[in-house]
Structures are given as structure tokens and as C-alpha cells.
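> In the order they appear, the protein sequences are chains A and B. Heads up: the first sequence is residues 2 to 433, going by my numbering. Heads up: the second sequence is residues 14 to 174, going by my numbering.
Treat the hints as calculated values from the structure; they're not laboratory data. Quick caveat, the model's predicted, so the values are computed rather than measured. Backbone N, C-alpha and C fix where the C-beta goes; we use that ideal spot for every residue, glycine too. Mixed in with the good hints there might be a few duds.
Claimed, not checked - A partial selection of chain B residues facing chain A, derived with a Cβ cut-off under 8 Å: (1) Phe130; (2) Lys139; (3) Thr142; (4) Phe144; (5) Asp145; (6) Val146.
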Amino acid sequence: MAKLLDRQRYKCALGAMQTVQAIERALPVLNSGPGCAQKLSDSTGSSGYFSPNIFPCTSINEKDVVFGGVKKLDSTIANSLKVIDADMYVVLTGCIPEIVGDDTGEVVSRFNDADKPVIYAPTAGFKGNNYKGHEQVIDAIIDQYLTPSDDKQDGLINIFADVPYQDLFWLGNIRELERLIKELGLTPNTIFGYRRGIDNINKIPHAKYNLLVSPWVGINNMKKMEKKLGIPYLHYKTLPIGATETSRFLRTVGEFAGVSNEKVESVIKEHEDYYYYLIERYADLFLENRVINKQFSVVADAHYALAITRFLVNDLGLVPAKQFITDDTPKNMRDDIVKEFNKLNYGLAADVSFETDTYKIHEAIREHDYHGYPLILGGYYEKELTEELKGNFLNISWPVQDKVVFDSFYAGYAGGIRLIEDIYTVAVSRFN
Amino acid sequence: MAYKIAVGSLDGINVDLKFGEVSEFLIYEITDEIRLIEKRKVNSVKADNTNTNSTNNSDNTNTNSTNESNNTNNACTNGSSHNRCCGNGNGCGSQSIIPGVTLIEDCRCVVCKKIGFQAQKQFEKKAITVFDVDTSIDDAITKITAYYAKIDSRKHSHNSI
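Can you build the whole structure from these sequences, using the hints too?
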């Protein structure tokens with residue numbers, strides 16, 4: 002029986018072209034039908050030196066389906082190398098060449114001797130969504146570009162967190178994580194965003210540690226790097242938002258990387274003092290119980306659903322209603338993620354639903370008794386629903402239509418304060 | 014399902030002609046087997062035969078689509094008689110392309126060594142697939158028929174559900 006999926010919150014694996022785009026001066030070369038890049042591109046913050054409208058593409062058509070598109074791919078790569086000045090060329094395959102059976106790997110291997118690295122990632126849509134595609138791109142870099150190094154730099158730690166562009170706050174978040182790690186006396190290394198690029202990719206094998214801040218996306222990359230490059234990894238499942246989680250995060254990382262206890266605690270103290278100074282000043286707002294909602298739901302990928310739920314419970318003392326994870330989390334990872342939702346302060350546990358169908362999510366929200374009007378943090382699809390339920394709505398996950406985000410962030414102590422600001426801005430504007 | 018394939022070839026072995034060079038198309042009919050059924054001459058005198066078609070089109074057995082194509086054909090030839098209608102090198106291709114396109118419009122696809130942009134557009138309008146490939150007729154027809162067989166069997170299985 003064919004089923005309909007109502008407004009899913011992810012794209013096909015080829016959407017990982019945005020992961021490539023987030024690496025400065027890395028160019029996606031698409032082996033796909035014409036129009037794929039156009040459809041997959043988000044119009045927010047994706048223009049620049051390379052943008053989805055100018056990504057080289059083989060524009061596979063019916064002829065290539067019948068006779069094979071290998072020749073076209075070969076010439077597209079060769080000419081991209083000639084015409085476009087990039088640091089790394091990442092060939093991404095769409096559905097068509099993989100269904101037809103074109104050997105993209107073989108064609109790409111012809112360019113092993115090119116001046117610039119050319120690698121490829123199989124990102125056919127039927128293999129999974131763009132979260133999976135993101136992993137495939139990182140895998141491709143590890144497999145085809147990086148080589149092990151014995152020259153380890155003390156304190157160098159690679160950080161991987163959000164999926165660029167899919168997560169609106171990817172740039173701000175990764176920078177804030179960098180700042181926090183730096184304060185511990187470690188040297189962070191990230192590959193996405195301004196002035197990172199190929200130089201930082203080259204640094205990856207020299208790192209002592211890998212840090213993954215994500216419930217499940219990227220865990221396979223960590224395992225691969227541990228095996229191939231001999232870099233041990235720390236898997237911190239929750240993006241730290243607010244004081245409770247960020248302090249726990251710093252202690253965990255500190256212990257893992259052998260940072261002295263005093264150092265960690267002094268960093269935490271300084272941040273927490275300021276954080277609680279701010280909270281204290283607005284205590285009257287928090288205590289005015291007519292302002293904020295009693296119960297909340299988050300509709301987002303596992304990354305944000307987990308992070309925000311823990312923040313709202315642990316730091317703000319709100320009560321979780323059902324939480325919805327929309328990223329089609331692999332089944333073998335789900336139990337671990339549910340466990341994280343059950344480890345909340347005050348002995349609370351949040352009910353979690355792995356659901357990709359927006360219709361079903363909305364039905365569940367409608368049926369739930371929020372003991373008043375609900376607080377919904379989700380994608381733009383929830384805006385109309387929340388209005389209908391006379392609740393408060395904040396757009397924090399894809400798709401994002403009602404805000405522009407350059408480099409602001411929700412990670413860390415400062416990010417927690419930003420999120421409180423955003424939520425209470427929505428809440429108080431209701432009365433004015 | 015029976016259908017026809019038009020091939021541009023001089024030696025009858027390789028797809029060795031560009032679309033504009035073809036003086037006679039080899040028409041293959043595909044049923045359960047593949048047969049060369051016809052060599053169809055391309056009339057080099059451009060608008061003559063199409064004009065005679067369109068004069069008696071009202072009570073002819075022509076389908077609507079061929080009527081339309083004849084009309085556009087006339088419009089183009091009219092236009093080009095006093096001026097090149099589209100302004101680029103070949104006009105809208107009315108001079109040489111349209112007769113060739115109409116000539117094989119009963120075929121499902123056309124196979125030539127090269128087919129120009131304007132001709133491709135004209136075929137696209139008629140939902141005729143263009144394969145510009147440099148290979149042997151045998152290879153081309155084998156691959157194309159295998160492809161259509163897959164598509165057609167899929168369509169049938171969908172209908173039966």
C-alpha cells in the first residue's frame with residue numbers, strides 16, 4: 002500500500018551539497034538531473050562564491066539513462082577543474098546515476114592525479130535523507146582524502162555538531178562550542194564556515210580527540226575516524242543550551258581531554274555567575290505565571306528536540322508534554338535517545354515520539370491537554386496550528402520562514418539566554 | 014506494444030549521420046522482434062509537401078496534433094519568407110528542420126549522431142525522445158528497446174493494481 006508522508010522536515014541525501022557548501026571553497030559537483038540543486042537549496046544564507054544555482058551538474062537526461070552518463074560526468078569534472086577555482090571538489094550522486102548503475106567512483110578515481118582533491122559521496126535520495134547525506138560527505142572526506150598522522154598536536158580537538166543549513170544556527174553554534182572549548186585551554190578544530198575550509202580539514206588527523214555533539218548524526222564518522230586515523234572520540238549527545246547542560250558538557254569534555262578540575266570549575270563559575278545574574282534580574286518575569294505556558298512540545302530533529310527539552314525542564318522548570326523527533330532517526334539509535342529524554346532534573350521524563358508525518362504530529366498536539374495554551378517550538382508548519390490553539394510559537398527548526406539568522410546561536414550559556422529571550426519575547430508580546 | 018524508431022545512418026551499421034545530414038531515415042519497428050520496415054526519404058524541398066497536407070487537412074484523417082504542427086509549420090514558413098522569423102542563424106529551424114521532424118513524428122524516438130538544439134526542441138514538443146549517440150545501430154537499438162521494455166512493463170503493472 003502506498004502511503005503519503007505529509008510535510009516531512011528533511012530533504013533527500015543530495016541535500017548534503019549544503020554540507021559541502023559550508024566548507025569554505027569546497028565545491029559540490031552534482032551528478033544528477035537538472036533542477037536537483039535548485040529544489041534542494043534553501044534561500045537563506047546560501048549565496049556567495051559558490052551557490053546552488055551555479056554548482057556544476059551533469060544534468061542527466063533520458064539519453065544518459067539509456068546509454069550511461071559516465072562520459073558526461075568525466076567531462077563535467079574535468080571542466081570544473083579547469084574553470085572553477087576551488088580547494089576541493091566533491092562529486093555527489095543523485096538517484097538517477099545510481100539506479101542506472103553508473104560507476105561514479107571509477108570516474109572520480111581518474112582524477113586522483115589532479116592538482117586539487119576530487120572525492121565523491123554516494124548521496125542518492127533512496128539511500129536516506131540529508132542527515133544521512135551529511136554523514137556520507139564526512140565519510141568521503143575521511144575515506145578518500147585524509148591520511149593517518151603520528152604527529153599529534155597537544156590539546157587539538159575536532160568538533161562536529163550541527164548539520165549545516167539544515168540547522169539554522171549551525172554557524173553560531175559551532176563557533177560558540179569553539180569558544181567554550183578554547184576556554185578550557187584546548188585548541189578547537191572545525192571545518193565549517195568562515196576561514197575554516199581545507200586547512201582545517203588537513204588538521205583533522207593531527208587532533209588528539211574528536212568531539213561529537215549530536216544525538217546520532219555523525220556517530221559513524223567518529224567510529225570511522227577512530228579506526229582509520231586513530232582518534233578517540235567523545236560522543237556528547239545533547240547540544241548544551243543553558244547553564245545546567247553547558248556546565249555538564251564542560252565537565253565531561255574536561256575529564257575526557259584531561260583538563261584539570263580547577264581549570265574547568267573556574268571557567269564554569271565565571272559563566273554561571275553571569276548567567277544567574279541575568280536570570281535573577283528577570284526572576285519576577287519568570288515567577289509571573291500568567292506569562293509563560295505550563296507545558297511545551299518541541300517539534301524538531303533529535304538534536305534540537307533533545308537539547309531544548311532538557312533546557313526548558315532543567316533550567317526553566319517547565320513541564321514537558323510530548324516531544325516530536327522528525328529526522329527519521331535510525332531505529333538502532335532510538336533507544337539511546339529516549340534514555341536521554343528520561344534523565345531530566347526533578348525526576349521528570351519526557352514522552353518522545355519519532356514521527357516524520359506532520360499531519361500525525363499535529364493531531365497528537367491537538368489531542369493533548371496542555372493545561373492552558375501550549376508552547377510549541379518547532380518548524381514553520383507549527384505556526385498555524387499554534388495560532389489555532391492560541392498558544393505561543395517559536396520557529397527553531399527547519400523549515401524556517403519567519404526569521405533571519407546570520408550567526409546567532411542557542412548553544413552554551415549565552416545561547417541559553419538567547420533562547421529565553423526569544424521565548425519570552427513571544428510570550429510577553431501576547432499581552433501587549 | 015509496437016512502436017517505431019527512426020535512425021540516421023548511411024551504412025546501415027553505425028549511427029553515423031547528424032540529423033541535418035540524413036537523406037533517408039531507417040525506420041525500425043519493434044514488436045516482439047526488431048525489424049527494419051522502411052527507408053523514409055527526407056524531402057529536401059522544404060515546405061511543399063506539408064503545404065499540400067494542410068490544404069486538405071479538415072476532412073483528412075489527420076489527428077489534431079498533426080494539424081497543429083502543420084499550422085505552426087506554415088506560420089514559420091510564412092515568417093521566414095519575408096524575414097528570418099526568430100532572428101538567430103537558422104530562424105526557428107523552419108528551413109530544414111520541421112519537415113524532418115514531421116516526417117518521423119510517428120516514431121517513439123529518433124537516433125542520430127548529433128541533433129541540434131532547435132531540432133531537439135521540436136521533437137520535445139511532440140514528446141519524441143532524442144538520442145544523439147555515437148555507436149552502432151545494433152547497440153543503440155538494444156539499449157533503447159531494453160529501456161522501453163522496462164518502462165512499459167512498469168506502466169502495465171501499475172495499471173493492474
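> Next, verify each hint and record whether it holds.
Here is how each hint holds up against the structure:
1. Phe130: Violated, about 13 Å.
2. Lys139: violated (15 Å)
3. Thr142: holds (6 Å)
4. Phe144: Since the shortest Cβ distance to chain A is 5 Å, the answer is holds.
5. Asp145: holds (7 Å)
6. Val146: holds (6 Å)
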